[in-house]
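Colleague: Sequence:
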Amino acid sequence: MSIVHMNTKIIQINDRHFTLIYLNESNDLNSLKNELDIVSVRYFPKPDETAKDCKQLFKESTPEILNAVKNVVENNQNFFQNFEIGMKFIANRSHYRDKALIDYTFYLDTKLKTRRN
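Going by our numbering, the first residue of the sequence shown is number 22, and it counts up by one from there.
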């Protein structure tokens with residue numbers, strides 16, 4: 022059985038709160054099903070914000086978000102040394118409920134160094 026440990030960190034930029042979600046422990050790295058879940062940033066939009074608004078907000082906030090990611094990686098180097106982490110967002114996902122956007126998540130480019138293709 023694979024055991025993983027996720028942590029979160031709140032990133033506040035102006036009046037917005039982003040949640041940095043990152044894995045920092047696993048007893049079996051090769052069992053990870055989705056390497057994109059190693060580091061992601063989630064935003065819970067205000068009721069009037071659209072996915073387009075969120076994408077623009079992420080674009081404007083990228084330097085501050087990536088700085089927070091770099092700090093987390095440096096502080097958890099024993100774990101993150103197992104990964105190649107590209108400091109760019111490569112995927113996004115939005116979740117809706119009854120046509121209302123309830124969260125917006127960006128994923129960083131992460132790959133397990135020992136993963137065989």
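Careful: at least some of the hints might be erroneous.
Below, computed lysine-lysine pairings styled on DSS-like, alpha-carbon distance capped at 25 angstroms [stated by the list, open to error]: (1) K109 <-> K80; (2) K67 <-> K30; (3) K67 <-> K120; (4) K120 <-> K134; (5) K76 <-> K91; (6) K132 <-> K76; (7) K120 <-> K91; (8) K76 <-> K134.
Label pairs and their calculated CB-CB ranges [what the hints assert, rightly or not]: (9) T83 <-> I123: 19 to 25 angstroms; (10) K73 <-> T135: 34 to 40 angstroms; (11) I31 <-> D130: 20 to 26 angstroms; (12) T135 <-> T71: 36 to 42 angstroms; (13) D69 <-> N99: 39 to 45 angstroms; (14) D58 <-> K80: 19 to 25 angstroms; (15) D49 <-> K120: 18 to 24 angstroms; (16) N96 <-> K120: 38 to 44 angstroms.
Keep in mind that the hints were calculated from the coordinates and are not lab data.
Ideal Cβ positions, reconstructed from N, Cα and C, are used throughout, including at glycine.
Colleague: If a hint holds in the structure, say so; if it does not, say that too.
Modeller: Now the hints, each set against the structure:
At roughly 11 angstroms between alpha-carbon atoms, K109 and K80 fall within 25 angstroms of each other, so this suggested pair holds. Restraint check for K67 and K30: satisfied, since their Cα atoms lie roughly 20 angstroms apart, inside the 25 angstroms limit. Between the alpha carbons of K67 and K120 the distance comes to roughly 14 angstroms, so the proposed pair stays at or under 25 angstroms and holds. Our distance criterion of 25 angstroms between C-alpha atoms is broken by K120 and K134, whose separation comes to about 39 angstroms.
Proximity of K76 to K91 is assessed by CA-CA distance (about 21 angstroms); at most 25 angstroms being required, the pair is judged to hold. A C-alpha spacing of about 23 angstroms is found between K132 and K76, which places the hinted pair at or below 25 angstroms, so the restraint holds. The hinted pair formed by K120 and K91 fails the criterion: a straight-line CA distance of about 35 angstroms is larger than 25 angstroms. With a C-alpha separation of about 29 angstroms, the suggested pairing of K76 with K134 is violated against the 25 angstroms cut-off.
Checked against the hint of 19 to 25 angstroms, the pair T83 and I123 passes, with Cβ atoms roughly 22 angstroms apart. Hint check: K73 to T135, Cβ distance near 38 angstroms, so the stated range 34 to 40 angstroms holds. Taken as a hint, the range 20 to 26 angstroms holds for the pair I31 and D130, whose Cβ atoms sit roughly 23 angstroms apart. At about 40 angstroms, the beta-carbon gap between T135 and T71 stays in the expected band of 36 to 42 angstroms.
Checking the proposed 39 to 45 angstroms range against D69 and N99 shows it holds: the Cβ atoms sit about 43 angstroms from each other. As the Cβ distance of D58 to K80 is approximately 22 angstroms, the hint placing it in 19 to 25 angstroms holds. The beta-carbon spacing between D49 and K120, approximately 40 angstroms, falls outside the hinted interval of 18 to 24 angstroms. About 40 angstroms separates the C-beta atoms of N96 and K120, a value consistent with the hinted range of 38 to 44 angstroms.
Of the hints listed earlier, those the structure fails to meet are numbers 4, 7, 8, 15, in rising order.
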